[in-house]
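Engineer: If you want the building blocks of each chain, they are given just below.
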Amino acid sequence: MALSLLMLQAGPAAPPPLSPADTVWLMVSTALVLLMTPALGFFYGGLVRSKNVLNTLMMSFSALGVVGVTWALLGYSLAFAPGNGFVGGLRYAFLRGVGLEGGGWGGTPHLLFMAYQGTFAIITAALISGAVVERMRFGAYLLFIALWSLLVYSPVAHWVWGKGWLGTLGALDFAGGTVVHVNAGVAAVVAALVVGTRSDYGRKALIPHDATYVLLGAGLLWFGWFGFNGGSALAANGTAALAFVNTMLAPAATLVAWTLLDAGRLGKATAVGGATAIVVGLVAITPAAGFVGPMGAMAIGALAALPSYFGILYRSRTRLDDSLDVFAAHGTGGIVGAVLTGVFASAAWGGTDGLLHGNPGLVGKQVVAILAAGAYSAVMTAGILKLVSLAIPLRRAAREEGIGLDVVQHGEEAYARGEGALLVLDPPRARPAAAPRPTTLSPAEGA
Amino acid sequence: MKLIVAIIRPEKLGETLEALYRAEVRGLTVTQVQGHGGELERVETYRGTTVKMELQEKVRLEIGVSEPFVERTVMAILESARTGDVGDGKVFVLPVEKVYRIRTGEEDEAAVTPQHTPIAGD
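Here the protein sequences come in this chain order: A and B. 287 is the number of the first residue of the first sequence in the numbering used here; add one for each residue after it. 5 is the number of the first residue of the second sequence in the numbering used here; add one for each residue after it.
25 Å max Cα-Cα, derived DSS-like pairs, lysine-lysine: (1) B:K16 to B:K94; (2) B:K94 to B:K6; (3) A:K490 to B:K16; (4) A:K490 to B:K94.
Simulated from the structure, these hints should not be mistaken for laboratory data.
Bound-form chain A, shown alone (with noise of 0.2 Å):
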């Protein structure tokens, strides 16, 4: 059933038994959103240049390192234990009494759906590397997101899903539109203001290096989805299916729709547009995907491509260097659909009746839900940079920016090919500082 229907209240009430189906679904669904992030990461290192794609591949990956723990020593609790209506409280902290049993999200175990809620902190705090690429100080952006997903993602989280203000409101948000993607979304622009530009913003083309890992990343992304949003149900049962099929049908009709734009403005379709497009659509039907009927789900995914197509052309031509728009496809898509589930969802189809079926009420709480979090959103992640900033400094130098970040912060490249490399038998743990000059290579010196 809808996630704002769960109660996590340890009471006295005996805890359902465990259902082996459900069970199932849970463990199968939590691997495909813990899929999602190393997908994100490729559909992110396509887009950046090639001296920076395996910073840009480990700001995904070591998300599903720096938040798996913060998420588990503190995070759940933020977000899931009792507590008031704005933040949980800390019984969970360090996972005590998180134990096998069921409870008011269903017959699950309780540390299954710790994991599986896991999953999706941890894809949302890397959502938003999207915006820093290229010049950001890794340790900074680890620091960063350690603090954004205890402080941003839990309390949201624990807003809409833990018994907080906007699920006691009635806002609707079945798989995380509001709390994964406006969040991200809105993190994301504040995040790239404060960060600000790429040093070569503006002045060099900053095209995509494989267009190849950024269709693969969309691929994947499409494919854990089907866990995002029907493993939300939390039940294997038919909500969970309607989520499921409505996550395969939104999307096509975002990609039908944003390739009709493409061939419209530029009279060819872009594989990177259809990338981008797949990904729009999952987070359009994201709020909506167990409330509404797939014709209404491949409305939100048609509709979702227009402001996200215009969007991301606008961004571009600004000093808003989102560099791989986050904004336009998770924020903008998040918008778009949280509202649009106040328009199409259905009692009929397990979600509260929207405008379409005569209340448009629904509507005004989608979008209180949407200013709430995103003003949450923007206000935490300037503050939190600020903080981080005064330990370290939030971008890497000018001129280590155009070595480009993984020889500077990984001391590895994508590519190498081996030419021109010395085998080290013992490395010098700190470089020396005017080490003399082999002289190995005179025929060169003139280089």
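Dock chain B against the given chain A, drawing on the hints supplied.
Structural biologist: Relative to the frame of chain A, chain B by itself:
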């Protein structure tokens, strides 16, 4: 006539091309090359294997120019390709014995003097 050969940092190519364009230098060849100019080598680690990368990615420009263009071409490259760190590269000015433009058969100064080339539809 001179052949100007410049080895520069790849990340400075955009700025250098822009400076050459502003100096009205037209017609050049760009090659990606690897080389070493005395900069500190990078240490990279892949699992247990640590390597020193002796060769750096560089870009090589070749520009054939007439005498009046030599100085402005060199100055444009010096000003645009410089970062101040070791490894910025070199500019070589080489004498040229003979130049032919393949399309017209023009020789020497005429062959390295840019012409307005009509584009289809112009």
